[in-house]
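Using the sequences plus the hints, can you model the full thing?
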Amino acid sequence: MLYREAGDFKTSYVADSQTFPIAFDRYRYWVVLAVAFLVVPFFITDYTANALLLPFLIYSIAAIGLNILTGYAGQVSLGTGGFMAVGAYACYKLMTAFPDVNILIHVILAGGITAAVGTAFGLPSLRIKGFYLAVATLAAQFFLVWLFNKVSWFYNYSASGQINAPERTVLGVAVTGPNTPAWASYLVCLVFVTACALIARNLTRGALGRQWMAIRDMDIAAEIIGVNPLKAKLTAFAVSSFFVGISGALFFAVYLGAVEVGEAFGINKSFLVLFMIIIGGLGSIFGAFAGAAFLVCLPVVLKLIGVDLLGWPTDLVAHFQLVIVGLLIMFFLVKEPHGLAQLWRLAKEKLRLWPFPH
Amino acid sequence: MSADFLYGIEVVINGLMAGVMYALVALGFVLIFKASGIFNFAQGVMALFAALTLVGIMEGQIPFAHLINATFGTEIHHFGWHVPALLAIAMTVGVMVLFAWAVQRFLFRHLVGQEPIILFMATIGLAYFLEGVGDLMWGSDIKTLALGLPQGGARWIEDATAGLGGDDFYGFFIDKLDIVATGVAIVLVTGLILFSQYTKHGRAMRAVADDHQAALSVGISLNFIWILVWSLAGFVALVAGIMWGAKSGVQFSLSLIALKALPVLMLGGFTSIPGAIVGGLIIGVGEKLFEYLIGPMVGGATENWFAYVLALLFLVFRPQGLFGEKIIERV
Amino acid sequence: MKDMTESYVTEDGRTIGDVMLDLRNITLRFGGVEAIKDISFDIREGEIRAIIGPNGAGKSSMLNVISGFYIPQEGEVWFHGRKRPQMKPYQVARQGIARTFQNIALFEGMTVLDNIMTGRLNYTKSGMLAQAIWKGKAEREETENREKVERVIDFLEIQAIRKTPVGRLPYGLKKRVELARALAADPKLLLLDEPMAGMNVEEKEDMSRFILDVNDEFGTTIALIEHDMGVVMDLSDRVVVMDYGKKIGDGTPDDVRNNQAVIDAYLGVAHDD
Numbered sequence: 129m130l131y132r133e134a135g136d137f138k139t140s141y142v143a144d145s146q147t148f149p150i151a152f153d154r155y156r157y158w159v160v161l162a163v164a165f166l167v168v169p170f171f172i173t174d175y176t177a178n179a180l181l182l183p184f185l186i187y188s189i190a191a192i193g194l195n196i197l198t199g200y201a202g203q204v205s206l207g208t209g210g211f212m213a214v215g216a217y218a219c220y221k222l223m224t225a226f227p228d229v230n231i232l233i234h235v236i237l238a239g240g241i242t243a244a245v246g247t248a249f250g251l252p253s254l255r256i257k258g259f260y261l262a263v264a265t266l267a268a269q270f271f272l273v274w275l276f277n278k279v280s281w282f283y284n285y286s287a288s289g290q291i292n293a294p295e296r297t298v299l300g301v302a303v304t305g306p307n308t309p310a311w312a313s314y315l316v317c318l319v320f321v322t323a324c325a326l327i328a329r330n331l332t333r334g335a336l337g338r339q340w341m342a343i344r345d346m347d348i349a350a351e352i353i354g355v356n357p358l359k360a361k362l363t364a365f366a367v368s369s370f371f372v373g374i375s376g377a378l379f380f381a382v383y384l385g386a387v388e389v390g391e392a393f394g395i396n397k398s399f400l401v402l403f404m405i406i407i408g409g410l411g412s413i414f415g416a417f418a419g420a421a422f423l424v425c426l427p428v429v430l431k432l433i434g435v436d437l438l439g440w441p442t443d444l445v446a447h448f449q450l451v452i453v454g455l456l457i458m459f460f461l462v463k464e465p466h467g468l469a470q471l472w473r474l475a476k477e478k479l480r481l482w483p484f485p486h
Numbered sequence: 224m225s226a227d228f229l230y231g232i233e234v235v236i237n238g239l240m241a242g243v244m245y246a247l248v249a250l251g252f253v254l255i256f257k258a259s260g261i262f263n264f265a266q267g268v269m270a271l272f273a274a275l276t277l278v279g280i281m282e283g284q285i286p287f288a289h290l291i292n293a294t295f296g297t298e299i300h301h302f303g304w305h306v307p308a309l310l311a312i313a314m315t316v317g318v319m320v321l322f323a324w325a326v327q328r329f330l331f332r333h334l335v336g337q338e339p340i341i342l343f344m345a346t347i348g349l350a351y352f353l354e355g356v357g358d359l360m361w362g363s364d365i366k367t368l369a370l371g372l373p374q375g376g377a378r379w380i381e382d383a384t385a386g387l388g389g390d391d392f393y394g395f396f397i398d399k400l401d402i403v404a405t406g407v408a409i410v411l412v413t414g415l416i417l418f419s420q421y422t423k424h425g426r427a428m429r430a431v432a433d434d435h436q437a438a439l440s441v442g443i444s445l446n447f448i449w450i451l452v453w454s455l456a457g458f459v460a461l462v463a464g465i466m467w468g469a470k471s472g473v474q475f476s477l478s479l480i481a482l483k484a485l486p487v488l489m490l491g492g493f494t495s496i497p498g499a500i501v502g503g504l505i506i507g508v509g510e511k512l513f514e515y516l517i518g519p520m521v522g523g524a525t526e527n528w529f530a531y532v533l534a535l536l537f538l539v540f541r542p543q544g545l546f547g548e549k550i551i552e553r554v
Numbered sequence: 143m144k145d146m147t148e149s150y151v152t153e154d155g156r157t158i159g160d161v162m163l164d165l166r167n168i169t170l171r172f173g174g175v176e177a178i179k180d181i182s183f184d185i186r187e188g189e190i191r192a193i194i195g196p197n198g199a200g201k202s203s204m205l206n207v208i209s210g211f212y213i214p215q216e217g218e219v220w221f222h223g224r225k226r227p228q229m230k231p232y233q234v235a236r237q238g239i240a241r242t243f244q245n246i247a248l249f250e251g252m253t254v255l256d257n258i259m260t261g262r263l264n265y266t267k268s269g270m271l272a273q274a275i276w277k278g279k280a281e282r283e284e285t286e287n288r289e290k291v292e293r294v295i296d297f298l299e300i301q302a303i304r305k306t307p308v309g310r311l312p313y314g315l316k317k318r319v320e321l322a323r324a325l326a327a328d329p330k331l332l333l334l335d336e337p338m339a340g341m342n343v344e345e346k347e348d349m350s351r352f353i354l355d356v357n358d359e360f361g362t363t364i365a366l367i368e369h370d371m372g373v374v375m376d377l378s379d380r381v382v383v384m385d386y387g388k389k390i391g392d393g394t395p396d397d398v399r400n401n402q403a404v405i406d407a408y409l410g411v412a413h414d415d
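Residue numbers (the numbering used here), protein chains in the order written: chain G, 129 to 486; chain R, 224 to 554; chain E, 143 to 415.
Keep in mind that the hints were calculated from the coordinates and are not lab data. You may find that some hints are simply not true.
DSBU-like cross-link-like pairs, simulated, lysine-lysine; straight-line CA separation at most 30 Å [as the list claims (entries may be wrong)]:
(1) K359/G with K330/E
(2) K305/E with K290/E
(3) K290/E with K138/G
(4) K279/E with K359/G
Okay, here's the thing in structure tokens:
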């Protein structure tokens, strides 16, 4: 009774295929957006922004991107870290080469460049499938990180080999660099997250999304009913990399401010984002958010319990984190391959009947 | 012969030795993949875990000492004894068998019939878990593995070959450990082939690899076979862990080096033991030669990616690997 | 024997037109095995054409050749009077050839509705950007496709399971959803690979009725593979009989029934129960 869908009738196909077909969901969505845009910025602190909100928002974009490729189109990628690095370095080169252009445009362009690189690395997916492809994407991961490490043009020949985000403003407020207020970097990320989620939702509920899912579920049958596998796979790589590139650009420019490629975008980043979508739910936009929130909060919570409460050394807590993440991955794959998103759906089905289950 | 050319040959020889190491890890993958269709991403971490356990047992470390100390405020680290190497190896094998059983019982028994890609991702989770457990049990500091394996260059080879080139050439430098590793690898592969050809369990293993259903119907216990292959893979991981560990210390990077076994498999095919060996040698020689010839022009450290890119390019042109057969797709 | 070069009207009043698909001397080999040996036959507009034969006769391979999944080593495929160049399966689909599969090939992770909507993919013209914004052409197309799909859903009487994930459906319904997906594409030629395999009598009757209705109402040309002789003889206008990759008979159900080679190779064996 708390959650109703009965009595919510549709009179047009447009209404039936909207993002939240159930009125209750629609209201909640608007409430969440309103709080995120109008309330949170007034209460945000540097700590909550840096420890929770910014990484959550930025990883959500990456997770949406990977979920499009893996969850919707069925192509497993272990190169997410490498593609995030492309976004970051593209953004850096653009920022320093065209300082007068708005940073937001740079971030979008960085996404576009990453999309091009991602598409190039997606070409082998036409010939190789499954975990062969997963291993092949490791080539992208290791090669790209090596490239940004060795070719000093990418970091403007700086002695440290790092890239540092110079200060850039939007409407007179700094959004990158050390003088950025927490609410400004938060809002920038929030705008991108909202836009990316909407685009992802539209693409996945429409014709393109159906092509991706058809390829994922049965590629041969998909081709025979008229899906061009080349186009479907490459668009998945392109759209996915676009999002991942944006998240990489934000990760560098807005969140960290200074980046060393091997440390920030190593193979572990690829696994982290993959784990987010496994835990959150493969093939679900909401799952990308849930997984990102979960894996961003986990270390914070573990640190609270382990270090602050129990007084353990940090390395011990870090080891525990590995164990817990590993266990969770296995648990979700065994019990609930559709992740937190499916648990949420089940909870809703229960709520619909509560408190009168019969 | 010019010195440059001779050094090139030395690079090739060292590449072959490195390839043997890759092949050792790849062997573990092949065993598990053949019998269960699982692409075991955790093989590298298994090698790390086995080596950690071996060091821990030999030095009489108390498992989970770090955790116990943090929880109870104690200061315990060692039992105060040292276990002889052979006994420690036997005990480590025991631990790996136990691990094999647990993996089968708690993970893959629940994943029977799932798609390969789900199984693959489960082994990534397994890799994280095992790495965490290894760190919790034995600590994450770099350990040296003191099994008394020979170290350093083989002087007699250097002396014997010094005369081949001119004054600039001082003879082939070949690590004694690599020679030992090659010997061990040959023994291991021969042993595995003999096992699978001439023993009852070996034959059962091959039957399972061929057809699960058929194997079940003639009374082979799939569960037993899977525990067996995971144990064997654990044993191979231990051998690989010892060799790698003796070479560069027992530390996390060991599991990353083991990732290189993946491109090896992509070259050699996932089901072929000879493929794993040939693939390992190609990758070993290829990356050493590439680094020697091209590396200086592009800033070095090409070994990080060469194997993957080679495998990627290779697969695009021959998706079934070196020894695989062309697959006819059906609907 | 009817005149096979001119269009004619069948006993139940349907018009059978010109040759739509003409297969000329098709030979298909896998390695050393010849799955199809020098087979020629045609399919005419508006007819129901059956391909029969014992297991392993090469019938499914024949359908795979028509839908472009297998490329024959020898022979030509003529479609609407033109020789078809070598093309990919998805290009064949875009020419108006849709099909179902022997072992149901639905997209298990999607709902019934989404599965059937995939049949409309060839009619989607809007670009990625339009779809990303979900306005204008993209939204209009989506609605048009949905309307078409809903008509198919009504036609096949599967309204109730619209939003059910395909994985949860029983076998018979899956077969029907697969037919719906093929129909949603508005095919000129519909290939059905054992549409009634594994069904009980009642389900077979339903399916037969759908096939006849599709042919009758939409004028769709149908080529089908089927093992149930009764169904084949009732439904089809003409029958091709294959055995060991060779054509051993071709003609009306009556012709085929009385053909001695066919009786020896197939009917006699299949009907000894």
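Results for each hint:
no. : hint               : in the structure
1   : K359/G with K330/E : holds (25 Å)
2   : K305/E with K290/E : holds (16 Å)
3   : K290/E with K138/G : holds (18 Å)
4   : K279/E with K359/G : holds (20 Å)
Of the numbered hints listed earlier, not one is contradicted by the structure.
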